[in-house]
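Q: Protein sequences, first through last, are from chains A and B.
With our numbering applied, the first sequence corresponds to residues 36 to 217, in that order.
With our numbering applied, the second sequence corresponds to residues 3 to 214, in that order.
In short, the hints are calculated from the structure, not lab data.
This one's a predicted model, so the numbers in the text were calculated from it and none came from an experiment.
Take the hints with a grain of salt, since some may be wrong.
Unchecked claim - To give a feel for the contact side, a few chain B residues facing chain A, derived at Cβ under 8 angstroms: (1) 4; (2) 6; (3) 7; (4) 8; (5) 11; (6) 18; (7) 19; (8) 23; (9) 72; (10) 76; (11) 78; (12) 85; (13) 87; (14) 90; (15) 92; (16) 106.
Glycine included, every Cβ here is placed at the ideal spot set by N, Cα and C.
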Amino acid sequence: MKRVLRDLDLEVEEGGFLLVTGPNGSGKSTLLALLAGLLAPTEGTLDVDLPRGRIGYLAHEPLVYRELTALENLDLYGRLYHVRERRETIGALLERFGLWEARHQRVGSFSRGMQQRLALCRVLLHDPALLLLDEPYSALDESARGLVDELLRETSGGRTVVVASHEPDHVRPLSTSILALA
Amino acid sequence: MTYFADVAALARKDILLELRSRDTLPAMLLFVLSALVVFHFSLPSDASETASTGLLWIALLFTALLGLARAFAAERDQRVLDGLVLAPCDRSAIWLAKSLGVLAFLGLAEAVALPAYALFFQPVGWELVAAIVLADLGLAAVGTLLAAMAAASRARELLLPLLFLPLVIPVVVGGVGATVVDDPGRYLGFLALYDAIFAILSWASFEYVVAE
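Isolated chain A, as found in the complex (with noise of 0.2 angstroms):
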């Protein structure tokens, strides 16, 4: 078994604003992943002191069925994540991230971009209090990634928020504290 991360000492605060860099390989998407709660370490102790329905996860994939639109897929995950106002929630997502149009669009018909902004709208869904993103600038063209800095201004100070990205510039100057991952 390959050892990723080793000797990690890490904590977050609340409304915290971590940004983890380092190069391909270093361990930044296991470290969301281990945060997530979709891996467990396999020694020391991690404290993520939230219920997983107030955590939104951006991972590599987008986590949505290619076979069904983008309002279904939404749909899905509002009723399961439990959205008050749905239906609104959904669509005022859908609009933000200009995806209103292809609502009725399978998934499997979107662009890659397309699909990484609709996992943006997923993972907002349900407000969550803890917004772990990996490369959430990845495949998106200039005017999503300047929808993703308007969100992660909003959230700046609100939520707490740990972003892994290979290109930190973006988010660096909204960071309240960084990792660098060798």
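Got chain A sorted already, so can you dock chain B onto it with the hints?
A: Only chain B this time, still in chain A's reference frame:
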């Protein structure tokens, strides 16, 4: 009530996915009909009723296996299981919804298979129908749990039959027994007991199967 609302949302999604992709059900239907045709021509004309009943159960078992192999295909290929596991719903709701989907597809395959069996071999009695209904519950419950375990493995094509077939031997014993004896009550009771035990075990252990 929230639990059953979650199950309903997940089950609806599985049915919708199948209606869109048409991956699983047509394959199950084609397989079970092909198997019955092959058995029809391979059995001697003077073969016993017991032999044809046994072959029907083999056909149904492998049809179920075919459906189970695809049960988590969408979640596996697109890593959506991570998304479902992160949701605050009880993780056993994923198992229950998936089991209901498997049960529905198996029921539809059998709705086509039984008339074909009656045409090729012998009339279908109430004992056979009752045994199949009870067997389906057990096959779906155990099979869905094992399909989730296999989906996480690289050797999933090998792992699923290796785990599934030994665990469902009691289903075959109960199913064939209920169909060929004069008093099927004991065997039907055995199938119901199997269903209850394995449904509870699968329901309770699914959480640990999908958690890392």
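Q: State for each hint whether it applies.
A: Hints and how they fare:
no., hint, verdict
1, 4, "7 angstroms, holds"
2, 6, "12 angstroms, violated"
3, 7, "7 angstroms, holds"
4, 8, "6 angstroms, holds"
5, 11, "4 angstroms, holds"
6, 18, "7 angstroms, holds"
7, 19, "5 angstroms, holds"
8, 23, "5 angstroms, holds"
9, 72, "13 angstroms, violated"
10, 76, "6 angstroms, holds"
11, 78, "12 angstroms, violated"
12, 85, "3 angstroms, holds"
13, 87, "7 angstroms, holds"
14, 90, "3 angstroms, holds"
15, 92, "10 angstroms, violated"
16, 106, "17 angstroms, violated"
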